[in-house]
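Number of protein chains: 2
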Amino acid sequence: MKIHLITIGDEILIGQTLNTNAAFIGEKLTDIQAKVISTTVVGDSREAIINAVDNAFNSEAEMILLTGGLGPTHDDITKKCLVEYFETTYVKDEETLQNIKAIFARRGREVTQANQDQALVPECATILKNSEGTAPGLWFEKNNKILVSMPGVPFEMKSILTNEVIPRIIEIRPPKNECIKIKNILTTGIPESTLFERIGDIEEFSGHTKMAFLPNQYGVKLRLTTKGKDESEALNNQTEVEQRIRALAGRYIFGTNDENIEDVVGRLLIDRDLTISVAESCTGGLISARLTDVSGSSSYFERAMVTYSNGAKVEHLQVDEDFIHQYGAVSLEVARQMAEGVRAISGTDIGIAASGIMGPTGDTPGKPVGLVYIGLCDEKICTAKEFRFNGTRKRNKERTSQAALEMLRRHLLGIPYDE
Amino acid sequence: MKIHLITIGDEILIGQTLNTNAAFIGEKLTDIQAKVISTTVVGDSREAIINAVDNAFNSEAEMILLTGGLGPTHDDITKKCLVEYFETTYVKDEETLQNIKAIFARRGREVTQANQDQALVPECATILKNSEGTAPGLWFEKNNKILVSMPGVPFEMKSILTNEVIPRIIEIRPPKNECIKIKNILTTGIPESTLFERIGDIEEFSGHTKMAFLPNQYGVKLRLTTKGKDESEALNNQTEVEQRIRALAGRYIFGTNDENIEDVVGRLLIDRDLTISVAESCTGGLISARLTDVSGSSSYFERAMVTYSNGAKVEHLQVDEDFIHQYGAVSLEVARQMAEGVRAISGTDIGIAASGIMGPTGDTPGKPVGLVYIGLCDEKICTAKEFRFNGTRKRNKERTSQAALEMLRRHLLGIPYDE
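Residue numbers (our numbering), protein chains in the order written: chain S, 38 to 456; chain P, 38 to 456.
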């Protein structure tokens, strides 16, 4: 079933409201193998709504879903537009009126005329019950296509979509002999283009899986969309592709789906019964803030020292003052000593540290903005690595925190961090 | 200027990614009186992209903005589609190539072929510099209409939109005879409904200003949209409304427009020539990470101790072990002592501290999830306050960090923190 989604509302166009309805609908429809082929957002204007509906009816879409503009106030004009478009008239729907009265009774309020009018529905429409609010969903059929209009209030839309629309779609178009599985493979520490060179176009390798490269500040997400004739085949196909990707770029993969790297290192620390402490300069507490975003992190995260000033580095982390003078606070040696110092003072198994120049100012000759050193020490090794990032201050902090957590992950798994 | 926005990406259609780009673009264009009349989302398919572009060219839109599909991998096909649509060919853009090489050089990496190919641009396009990444923006003109293609990576799109596209739109279509001014008044520490009770519907007070209440985890943003016949009248009208709002809820207002509270307290600390240190337990470094997001923060931020364990609290912050036993680590007294301790050890003018239960576990009888104590000490006072939040672990951390920074702001300005 090919579906065209139309969401109505000025607040979406002017960016005051995120279109979370479109995301919810897209996800739910994908689950039942229906395909949103396009989404259109238009404002609360008669012409725009009628145009969008007409365009959708003339597209390849088999079904058109509308959200928004069914409320009781003057700017809610969707129902009026649909009565005009389908050349129909209004009738009173007794069941809807009872629902409206019941809702107002529960709230202990009088039913207003505007709300009573919500029981006036287009004559040619099938009424879809709204168990969460006063505006019912409306189901139209014309030229072998279906149009469904739902309120824009998210929980009302969700209720009608889930309880009324989706069961009807499944009935009309029962799931094909095909199953689609989506999985995200999460990588970090490798640019999109380098990753692409390693993995190539996975579709050439496998006819059943599509892959998209989705970069963000923490790395590149690989989204696999795999087909199979049933769930077991789809999962087998996906495993086959995932194994190939892991063979080609395994060391850069830190997790799957919605995981964060802090969740992954948290699990590894718990599994290995290890504790950690952090010394932060340039990241200003961000590495620790991310580590402690994980519920249960108090079992492995012991403490952090955010030593912004050189004095604090010397005082708390026993960094050698002469080293700071000789190499500068942003240096391999100081990062190493910071990691060593925080580990020693905290008595943890591992210490990690970051020192760098986040910008936009603070660079010196030979030490540009984006230069970062990350140190890592445990009872056996004490090392540091240089990184170079390229972004705004905030972006550089995010990337530095990600690199530190990735360096920790690789260390815990014994994977070399070679670039 | 009527603008049609096309965002490209399967991940948006299937609901994996929220269309935050559309919201950002809508907001920025509204600010300069351009009007997004419609947004279309299509998948990564040649036919869908070309169709959407063609429909937009045949609509009333004067300008078409595209985001997405400009990356270096096989699923990035926007540039190819545009070369086909505009019947043009590729040329190498030397400036783009230098930008790509410079980015890779800063990262200390080899330029891959896929990235070199990003310097191949449509011959008929004007190139818009991408200062955050490798894919430049592309500006086309045809039949008196403009089409601009930008990358989908949000921070790259934002950079090109803000620095390249918006100044050009303003030049082509200078603001009309009616002036619309948008201003955000940022509040924190007061719920939306209480704020509404204080301020009421500002439209009843003034015909020229619309106001929206936009709550987020850091507070409630009041968005004022004010009209005037020219800029000066619009600004006067807006000032009148703003003064009224400040009279009714002034103490809760920490800033305006895109400011963060960390920017505001940073300025206040610089103005007063004061330094600060932080002791964090439940926030795990987030307060410090936010303070150090501000460029120049090293002039007032000295250090932070993220003392997750009780041992670290006693050791570094001289918190009385007996107090921890008697009152618990999450208590008014311990928060006060943490603030006092970090101030003493750092030698800063001010010390702030947070201790609380962020959830989802960790609650004890009488100490529910969301209970937080924030301490603040300077040379004259040493105080702590209790807060109760109600959200996920991450949300509770964000709210705690906001409350700590607001407590600091009020302290610096001498405004009582009475609720």
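Hints are computed from structural coordinates only; laboratory data are not their basis.
Please note: incorrect hints may appear among the correct ones.
Intra- or inter-copy, both count: the list cannot distinguish identical chains.
[What the hints assert, rightly or not] Below are the DSS-like pairs computed for lysine-lysine, each with C-alpha atoms no more than 27 Å apart in a straight line: (1) 258 - 166; (2) 195 - 138; (3) 247 - 72; (4) 39 - 117.
It should be emphasised that the depicted structure is a prediction, and the values quoted were computed from it without experimental measurement.
Here's how the hints hold up against the structure:
Proximity of residue 258 to residue 166 under the C-alpha cut-off of 27 Å is restricted to the inter-copy arrangement: shortest distance 25 Å between copies versus 32 Å within a copy. For the homomeric pair residue 195 and residue 138, the shortest alpha-carbon distance inside one copy (22 Å) is at most 27 Å, but the shortest distance between copies (48 Å) is not. In the homo-oligomer, the alpha carbons of residue 247 and residue 72 lie at most 27 Å apart inside one protomer (15 Å), although the nearest pairing across protomers, at 36 Å, exceeds that limit. Both within a single protomer and between protomers do residue 39 and residue 117 lie at most 27 Å apart by alpha-carbon distance, with minima of 26 Å and 25 Å respectively.
Hint compliance for this structure: no hint is broken.
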